[in-house]
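Listed below, chain by chain, are the residues.
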Amino acid sequence: AQKVTQTQTSISVVEKTTVTMDCVYETRDSSYFLFWYKQTASGEIVFLIRQDSYKKENATVGHYSLNFQKPKSSIGLIITATQIEDSAVYFCAMREGSSGSWQLIFGSGTQLTVMP
Amino acid sequence: GPKVLQIPSHQIIDMGQMVTLNCDPVSNHLYFYWYKQILGQQMEFLVNFYNGKVMEKSKLFKDQFSVERPDGSYFTLKIQPTALEDSAVYFCASSLGWGRETLYFGSGTRLTVL
Numbered sequence: 001a002q003k004v005t006q007t008q009t010s011i012s013v014v015e016k017t018t019v020t021m022d023c024v025y026e027t028r029d030s031s032y033f034l035f036w037y038k039q040t041a042s043g044e045i046v047f048l049i050r051q052d053s054y055k056k057e058n059a060t061v062g063h064y065s066l067n068f069q070k071p072k073s074s075i076g077l078i079i080t081a082t083q084i085e086d087s088a089v090y091f092c093a094m095r096e097g098s099s100g101s102w103q104l105i106f107g108s109g110t111q112l113t114v115m116p
Numbered sequence: 117g118p119k120v121l122q123i124p125s126h127q128i129i130d131m132g133q134m135v136t137l138n139c140d141p142v143s144n145h146l147y148f149y150w151y152k153q154i155l156g157q158q159m160e161f162l163v164n165f166y167n168g169k170v171m172e173k174s175k176l177f178k179d180q181f182s183v184e185r186p187d188g189s190y191f192t193l194k195i196q197p198t199a200l201e202d203s204a205v206y207f208c209a210s211s212l213g214w215g216r217e218t219l220y221f222g223s224g225t226r227l228t229v230l
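Chains A and B supply the protein sequences, listed in that same order. Per the numbering used here, the first sequence starts with residue 1, numbered consecutively. Per the numbering used here, the second sequence starts with residue 117, numbered consecutively.
FYI, nobody ran anything at the bench for these hints, they're computed from the structure. All C-beta atoms, glycine included, are put in the ideal place defined by N, C-alpha and C. A portion of the hints provided could be inaccurate.
Cβ pair distances, simulated, as ranges [stated by the list, open to error]: (1) T136(B) to S12(A): 38 to 48 Å; (2) K70(A) to A199(B): 35 to 45 Å; (3) D29(A) to V170(B): 15 to 25 Å; (4) G215(B) to E57(A): 10 to 20 Å.
Just chain B, with the same shape it has in the complex (with noise of 0.2 Å):
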């Protein structure tokens, strides 16, 4: 199926540091989401963006979290600063559309705070 990148697979960084997660979305996808997943629960919402957009947030996008994608590069998340509570693996996703549209989902950056 569609592949979505994530650079960095893990990355390890000491509290009150600002991270930027990547992610390469697949190339005609218009709508962009971020997920948090804690080891062995399920996935939770974060974010999604459209044209530009933060589109919707949950209540785990604190204000320490920002999304962008500028010019069509990556689909970042960006957190700082960061917590120890922020430790856990952010999944990014794209879809083509909304609705009925499949999620497509990238591997995951497992991110340790310390």
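Only chain A is shown next, with the shape it has when bound in the complex (with noise of 0.2 Å):
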């Protein structure tokens, strides 16, 4: 079965500076696809960004980009030159693509709060 692990409940960090958010994931399919969405203080809830497990280079859309290590079942998130309103919780997400199951499964969030 699959699972998705997010062992980091919040971190704070100091505007324009760098963080880096921790998954880890548990799959037996060969082809998977790992999502990072973000719940917003209103619980809005935004797709960010998308890694394909047969792609080796690091997916990157703006100042969101990915380091997926595939050998170690992990896929964190970098957030480069944060803002205040980068304050969100984080979601790491998976799914499967073979398996026959299309169920897109989350990480219990980890809450970012970015400082001035």
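Starting from two chains that each stand alone, build the complex the way the hints lay out.
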């Protein structure tokens, strides 16, 4: 069964710095897709970035990038030049590609606080 | 990004009553989902729906739960009868496809069962 684990409950950083949030996953599927979402204070869930398991190159979108370490089943989210408005809960999620399951399974989330 | 609309944003009902949560998915999306989030916790998968059928459901999707999307209108989650433990925020999502296709979420319906 697939599983996603985020061990960091909360992180605080000063704005304009770089932060990394950890995520490890478990799957038996050879093909899978990894997603990061953020949930704002209002509850809105926003898609940020995706990594396909068969791609070696780390995905990058704006000031979000991923550190994909397949042998360690790890997909870290890196936010550079953090801003106050990046404060949110960040969820890692995984979806298998060939098992027949369409479920997007979420981790427990990491609360990021960006301070001035 | 694509918008999923959920109506209402907040619903308060008495235990034992029926409730229907409505979702207007992204117009060209074909796959629909419901997730449940209890305050401060992760989002948990309830059910996914495609081509008029439930494709997968979790243990959280109790017999009192049902979903449908009649004639391409709202994708609905009905709970009948409700229980206290059904109090949570319910998120609807939709996607164009499966696999690598991104799920887009609505802003949630906060359900309070008294």
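**Asked** Which of the listed hints are broken here?
**Response** Violated: none.
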